[in-house]
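Here's the letter readout for the chains.
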Amino acid sequence: MLEARYDTTLKLYPYARVAEQEARERVRHPVVVVGGGPVGLATALDLAGRGTPVLVLDDHDGVGVGSRAICFARRTLDICDRLGCGQRMLDKGVVWNVGRVFHGDGEIFSFDLSPEGGQKNPAFINLQQPHVERYLVERVREEEARGAPIEIRGCNRVSGLEERGDHVVLDVDTPDGPYRLEADWVVACDGARSPVRGFMGLGFEGRVFEDNFLIADVRMAAPFPTERRFWFEPPFEGAGQSALLHKQPDDIWRIDFQLGRNIDRAAELATDKVRARVDAMLGEGVEYELEWTSIYTFQCRRMQTFRSGPVLFAGDSAHQVSPFGARGANSGIQDAENLAWKLDLVVRGLAPQTLLDSYSAERSHGADENILASTRATDFLTPKSPASRLFRDAVLALAKTHPFARPLINSGRLSVPCVYDGLSLNGPDALAGGPTVTRAGAPCPDAPLADGGYLLARLGGGFTLLTIDAEAPERLVDEGIGVERLALSASDGADTSFAERYLGTSPSAVYLIRPDQHVAARWAAFDETSMRRALSIATGRTGA
Amino acid sequence: MNANDDGSTIEPAPGPAPGLTLEPNIDDGDGFYDELLKAHEGLDEAASHALNARLVLVLCNHVGDRRILREALAVARAAATDATARRSTD
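Residue numbers (our numbering), protein chains in the order written: chain A, 1 to 544; chain B, 1 to 90.
Hint data in this document are derived by calculation from the structure and do not stem from the laboratory.
A hint or two may mislead.
To be verified - One-sided excerpt, in silico: chain A residues whose CB lies under 10 Å from chain B:
#	residue
1	Pro249
2	Leu390
3	Ala394
4	Val395
5	Pro428
6	Tyr454
What the hints assert, rightly or not - To list a few chain B residues with every Cβ distance to chain A over 12 Å, as calculated:
#	residue
7	Thr21
8	Ile26
9	Asp30
10	His40
11	Ala53
The model shown is predicted, which means the values in this text are computed figures rather than measured ones.
Yeah, the Cβ is synthetic: ideal placement off N, Cα and C, and Gly gets one too.
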């Protein structure tokens, strides 16, 4: 019997019986993705777009209730542009740049994310997670129609998993009863409570925080500006120790109250009690509807390694952080893009399986960065000792009048993509005078081009050899792996940002760029031997 | 860096950069100590702790150099450990 664990709002992939359920022989799939959330869907879309067949199994028939993740960062939009749904997200999302921090009823600090311009996508949009999942499924359907090898099976719950040397056998429950299938590779995108992690008996190490936070998403036509507003010790009755107000599309506002420890969840979620808090915050006479309420606690922890033989973990199943900083879904999408091209090369036999260990190394490096930032924010927001509280309050008291204390205020450091500094896929960083922002391991920053387009859109999804005022072959193939040249000149930049980000003081540059748009290596001029070696390193065929 | 008369700069002497000053450095120490205590006058214990915390932040920002701040934290922490150790052996 398959019981729903939660209600779904959008039935995106209703259950449909497939022939495989009656097949006498188990069917072997190259890649099975467990979980149809944003991370699983992004992984599947990326793989199928590269031509590697992928089957997504989800234990429900669509998107769960509630807005959940609402802040999507530039890197996520850049990746979704490549996957074909970035524009849909941007069109629907609320772009915001300004954040204000209050202590009591006084504003102590504000920030503006807009000055760093010259990129197609904004620093952040707010968009409810169900919209993101819907756009990703729309893209899956479009790819299916195009004949791409991608399939989603709703109400297919993985109930058991057995490793058999070179493959995995999965037990799957459906409304029509169980069946089994085989997979060469399994990508577990099945969330924080990952059943797959459980079947494999793998641990999840880190800190669990005890503070409870109440989310109240309300629908109202309010004149508040599109800003992230955060209060320490909010002046409104019953708001707890901190509060957040942030706009989403469709006149929905996210309100978040820090309730503290040892609370009665059911009592706090009673409509009257939630409404009393929201009334106090919004003031008399503001009309609104409660759209979704939820109480959450959080953890900052990760698996020791994101690969266990043929099973790979991505997103919340592999790592979890507090929501401060929007580092959950955003880092999960980066996992997906890091994994997809590597798994594609391995499935095709063009790269060794050990390339997948670099997925674990690179993304656990990212998870560590996120966990560190998120743990620090949490320690500031919910001081755990008298000394921690003393200094937190001292920072807030000084910040109102003294600028020096403002950078110490931590209401969440917003998600930025990590640089894979010093990790195994990096080749030579041999561009004298090159900017640090584009060093080996860094994600390529966008830049506006004179033709009205943007650089990232020109990079495509394979390996790219970006030459700036330098000669190189148009195309190069190394043991089956192709590299396409993108030839530009410094004068192709719409302004100086292209040259500032990619040349620095060098008159020319040659970049080898990975399919996930991270820099693999860079030089001042093309050298075939060095380039082939860097490509070999970036695909795990040669040690650095 | 200091400027010479001709506008050129004097390079700092080679060798390790100067670290945390632990030699006497405060002019009229008694006067300073008096001012420190006066700043706390009339405050209860909690308010005194809060003032100290603000003072620490103000001074740390003035110093700025993370290496020196790290040394200072270690010196302050070690002094507390010494004091605790002495008390327990009395």
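Verification of the supplied hints:
no., hint, in the structure
1, Pro249, "40 Å, violated"
2, Leu390, "5 Å, holds"
3, Ala394, "4 Å, holds"
4, Val395, "7 Å, holds"
5, Pro428, "31 Å, violated"
6, Tyr454, "37 Å, violated"
7, Thr21, "21 Å, holds"
8, Ile26, "22 Å, holds"
9, Asp30, "27 Å, holds"
10, His40, "15 Å, holds"
11, Ala53, "4 Å, violated"
In the structure shown, a violation is registered for the earlier hints numbered 1, 5, 6, 11, in ascending order.
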